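Sequences are here, hints too, so could you generate the full structure?
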Amino acid sequence: MRELLMELVKRAHAENSVAVATLADGIAMLAYPMDDGMLVGLGMEGEYARRVDATRLLHKRAGDMARFGGWLPAQLKDGAWYVLKRLPSYHQDARLLEEDEVAAAVELLK
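Counted from 1, the sequence shown has number 10 at position 10 by UniProt numbering; the numbering is strictly sequential.
Worth flagging that the hints you see were computed from the coordinates, not collected in a lab. All values derive from a computational prediction rather than experimental measurement. Glycine included, every Cβ here is placed at the ideal spot set by N, Cα and C. Among the hints, a few may not be true.
[Said to hold, decoys possible] Listed next, the in silico BS3-like pairs over lysine-lysine satisfying Cα-Cα at most 30 Å (straight line):
#: 1; residue 1: K60; residue 2: K77
#: 2; residue 1: K60; residue 2: K85
#: 3; residue 1: K110; residue 2: K77
#: 4; residue 1: K60; residue 2: K110
#: 5; residue 1: K85; residue 2: K10
#: 6; residue 1: K85; residue 2: K110
#: 7; residue 1: K10; residue 2: K110
#: 8; residue 1: K10; residue 2: K77
[Said to hold, decoys possible] Have a look at the derived ranges for each label pair, beta carbon to beta carbon:
#: 9; residue 1: T55; residue 2: E7; range: 19 to 25 Å
#: 10; residue 1: A103; residue 2: A62; range: 15 to 21 Å
#: 11; residue 1: E98; residue 2: K60; range: 16 to 22 Å
This is the structure in structure tokens:
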């Protein structure tokens, strides 16, 4: 999953536009280029988003800020839930996110 997210980051950077992907298990990924870095997100949309328990997500994040604190929860106007992380810079060969960081984001959503 980390590899796909990093491919989205590379594409978003190269095209200077938002790159998105949706996996079979309902996880949506996005990469959004900014002037001073990149915003990445993992989320749940549509029917999957209704399964996200906002109270549980927020309590879980608050209960382990060392693990989950880098991910900021956001509910979009259409009801989708995302956890977002700002990456301060982009270098094509850099290891911007570790697998355990991506796993933590998924854990927050489920």
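Hint check:
no. : hint                   : verdict
1   : K60 / K77              : 23 Å, holds
2   : K60 / K85              : 17 Å, holds
3   : K110 / K77             : 20 Å, holds
4   : K60 / K110             : 11 Å, holds
5   : K85 / K10              : 16 Å, holds
6   : K85 / K110             : 17 Å, holds
7   : K10 / K110             : 27 Å, holds
8   : K10 / K77              : 27 Å, holds
9   : T55 / E7: 19 to 25 Å   : 33 Å, violated
10  : A103 / A62: 15 to 21 Å : 19 Å, holds
11  : E98 / K60: 16 to 22 Å  : 19 Å, holds
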